[in-house]
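Here's the letter readout for the chains.
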Amino acid sequence: MLSRLVALPVLVALGVAACGSHAPGADDAEGGPTGALTVLAAASLRDAFERLRGVFEDEHPGVTVTFAFAGSSTLAQQVLAGAPADVLATASTPTMALVGDLADEPVVVARNTLEIVVPVDNPAGITSLADLADPGVTLALCAPEVPCGAAAADAFAAAGITPTPDTYEKDVTAALTRAVLGEVDAALVYRTDVLAAGESVRGIPLPDDVRSSTDYPVAVLTEAPNPDAARAFVALVRSAQGRQVLTEAGFEVP
Amino acid sequence: MTRTRPPVRPRPAEHRAGPRVPLVLALPAAAAVLVLLLPLVALVSRAPWSGAGTVLAAPEVGQALWLSLRCATAATLLSLVLGVPLAWVLARADLPGTGVLRALVTLPVVLPPVVGGVALLMLLGRRGLLGAHLDAWFGVTVPFTTVAVVLAETFVALPFLVLSVEGTLRAAPRGADEAAAVLGADRWYTFRRVTLPRVAPGVVAGAVLCFARALGEFGATVTFAGSFPGTTRTMPLAIQEAMERDPDAAVALSLLLVALSLVALVALHGRWAGRVLG
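So the protein sequences, as listed, match chains A and B. Take 1 as the starting number for the first sequence in our numbering and just add one per residue. Take 1 as the starting number for the second sequence in our numbering and just add one per residue.
Everything labelled a hint here was simulated from the structure, so no lab data went into it. We treat Cβ as the ideally placed atom computed from N, Cα and C, and that holds for glycine. Please note that a few of the clues may not be correct.
[Stated by the list, open to error] Some chain A residues well away from chain B (every beta-carbon gap over 12 Å; in silico):
id: 1; residue: Val-108
id: 2; residue: Gly-198
id: 3; residue: Val-210
[Said to hold, decoys possible] Facing chain B, from chain A, some residues (calculated, C-beta under 10 Å):
id: 4; residue: Thr-74
id: 5; residue: Glu-145
id: 6; residue: Ala-174
id: 7; residue: Arg-178
id: 8; residue: Leu-181
id: 9; residue: Gly-182
Whenever a hint applies, use it, and build me the whole structure from the sequences.
Structure representation (structure tokens):
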């Protein structure tokens, strides 16, 4: 009786799972990886990784790449919850550490620096970090759980300033969007985000003594459905071409 | 297993109540119950009972809960003031294009709430259609304020109240209204003293539904109002935030919200049952 009651939902669940499943990473005739590759990456890596997608798919025509960009802590929770992903790239080493043994030997591939971003007309006349302590300034910060929020907290601590934020955003691109839309007078985001946003915003670099940066580790996941393609992708990110793309996006490459 | 038995052996009381449920309906129905209840069972099973006290006693929790209750109450009151008259117009006014109007004003029921948040931002954001003028003329900006939360919740929850009240109005016979009109009462007096008391149960049911929906609002709120403790971070936003920091806390907060929603639902059904039995 029980088995009959349970059978249907299980079948439905399997059907749903099959919709999102990967073809196994069997090698094709030329010996390269094939199938689907799922990369979970920090929101700030979007532009760089999107550019690497074309390079990767040219090199490995049998592989279809899917990116999921989000806040690093969200991604870490997804991996812990068993998301069928192959590669994890986070915007800080502590968020990578959240997944523990599920990440196979993460390597730092890039470094990003925090900047103040203001709408291009700079309505509040922001010039320095100290201006962000003014309660009259509308300020968006990343939530303290995500790397850009942690980096912002470090910068304010180093400068001895207590900011008065109006909203905590779930990832760095959400904070950037607030500035792009002109809803806030300022936000603290990464240098790469300011570059990617183009004409609609302006970046104000922080002075060297409060400069806050974060490292980007990348790892193949131990439960990756397609480990061959995952290793190939991480190799591309670490290659000369990958480093060049990251540098052009505004990252420092170790 | 030797032989399959029917999944449910009908007890005498059930047998008297109606015909046996055919297997072809019973199995999907049982599956539907599992689909709806298993996640909640899992939530309860993962509840950090020992640590729940510490989690729920944290000041941020009280703050988020209090903010949620205040905002959902304000959104419900606003919905009552605006929604009951709209329901009356849709049910009784016999205006041309009522069908189109109903479809448009109930669109938020089927719209993803985040779309509502984006739309509100385009209207009332600092550079929005109205928001730019509010900022320029009065120095008022709506996003990132508690008012923004109430507006977002009202946008999403108001149609639930309108649909519920309109349904009750349509079901209520018009005889008494017409009698009042014949006796010389004007339409406002008739609405206030005759129509409204008769549809009161529908209004209460709509208000409870509206409150529950407002209490659970996430997408429109986070998009339009942002997330800041004490100002805009309601319970659903606090749960999402906790999920990234401390999943146990997220489970405890979720159960608190489940309990609150259950209270609203029981209140609704009590009222409904009272109406049916009375």
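Consistency of the hints with the structure:
no.	hint	in the structure
1	Val-108	holds, 22 Å
2	Gly-198	holds, 17 Å
3	Val-210	holds, 23 Å
4	Thr-74	holds, 6 Å
5	Glu-145	holds, 5 Å
6	Ala-174	holds, 9 Å
7	Arg-178	holds, 8 Å
8	Leu-181	holds, 6 Å
9	Gly-182	holds, 5 Å
Every hint, counting from the list given before, is met by this structure.
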